[in-house]
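Protein chains: 2
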Amino acid sequence: MSKAIFYHAGCPVCVAAEQNVAAALDPQRYNVEVVHLGEAKTRVAEAEQAGVKSVPALVLDGQPYHINFGAGIDALK
Amino acid sequence: MSKAIFYHAGCPVCVAAEQNVAAALDPQRYNVEVVHLGEAKTRVAEAEQAGVKSVPALVLDGQPYHINFGAGIDALK
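So the protein sequences, as listed, match chains A and B.
Be aware that the first sequence starts at 0, since it is given in numbering that gives the first Met the number 0, and climbs by one per residue.
Be aware that the second sequence starts at 0, since it is given in numbering that gives the first Met the number 0, and climbs by one per residue.
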């Protein structure tokens, strides 16, 4: 089982990406964790270390994939 | 079965997104078509109509999701 983390900030762009891209991942292969960085500010550093520069972003096997653009990560600190 | 189209241009950013994000979609629910816009220039207009502004991009159920940034679509015309 691979780990997928979907970082977002509750914005409309984030919600659309969560409901479509994150929800489209294969549940047989991916364990998807959804993290709202506006509510879990302690995890902003973790997202940055994974290379996340904006939300929404999906980190798959440690690699960051930014999906469209909702907000820069600096706005969430 | 939903339709997913992954548009790319063969760039390293595109290949990474294809091998990770596009390949992570649930094959039980999504039929994924991979389109290389550099080789299939006739499909650039179709991608633009779906709202694709850069590659790599994934169009899920008609909605465009740009994944990181490889190249702007204008560079593929």
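Simulated from the structure, these hints should not be mistaken for laboratory data.
Some hints here could point you the wrong way.
[To be verified] Here are the in silico distance ranges between beta carbons for each label pair:
no. : chain 1 : residue 1 : chain 2 : residue 2 : range
1   : B       : Arg-28    : A       : Cys-10    : 34 to 42 Å
2   : A       : Gln-18    : B       : Ala-22    : 34 to 42 Å
3   : A       : Asp-73    : B       : Pro-26    : 19 to 27 Å
4   : A       : Thr-41    : B       : Val-33    : 16 to 24 Å
5   : A       : Lys-76    : B       : Glu-38    : 25 to 33 Å
6   : B       : Arg-28    : A       : Met-0     : 12 to 20 Å
7   : B       : Cys-10    : A       : Gly-71    : 36 to 44 Å
8   : B       : Glu-38    : A       : Gly-9     : 36 to 44 Å
9   : B       : Thr-41    : A       : Gln-48    : 25 to 33 Å
10  : B       : Gly-71    : A       : Ala-49    : 23 to 31 Å
11  : B       : Glu-47    : A       : Ala-44    : 20 to 28 Å
From a predicted model like this one, the values you see are computed outputs, not experimental measurements.
Heads up, the beta-carbon is just placed ideally off N, CA and C, and yes, glycines get one too.
Evaluated hints:
For B/Arg-28 and A/Cys-10, the hinted distance range of 34 to 42 Å is not satisfied, since their beta carbons lie about 25 Å from each other. Judged by the Cβ atoms, the range 34 to 42 Å given for A/Gln-18 and B/Ala-22 is violated: they are separated by roughly 20 Å. About 37 Å separates the C-beta atoms of A/Asp-73 and B/Pro-26, a value inconsistent with the hinted range of 19 to 27 Å. Taking the beta carbon of each, A/Thr-41 and B/Val-33 are about 38 Å apart, not inside 16 to 24 Å as hinted.
For the pair A/Lys-76 and B/Glu-38, the beta carbons lie near 42 Å from each other, so the given range of 25 to 33 Å is not met. Between B/Arg-28 and A/Met-0, the C-beta spacing of about 18 Å keeps the proposed range 12 to 20 Å intact. Our hint of 36 to 44 Å for B/Cys-10 and A/Gly-71 is violated, since their Cβ atoms are close to 23 Å apart. A beta carbon spacing of about 39 Å between B/Glu-38 and A/Gly-9 agrees with the range 36 to 44 Å that was offered as a hint.
Between B/Thr-41 and A/Gln-48 the CB atoms are about 42 Å apart, so this pair departs from the stated range of 25 to 33 Å. The hinted range of 23 to 31 Å is satisfied by B/Gly-71 and A/Ala-49, whose Cβ atoms lie roughly 26 Å apart. The supplied range of 20 to 28 Å is broken by B/Glu-47 and A/Ala-44, whose beta-carbon atoms lie about 38 Å from each other.
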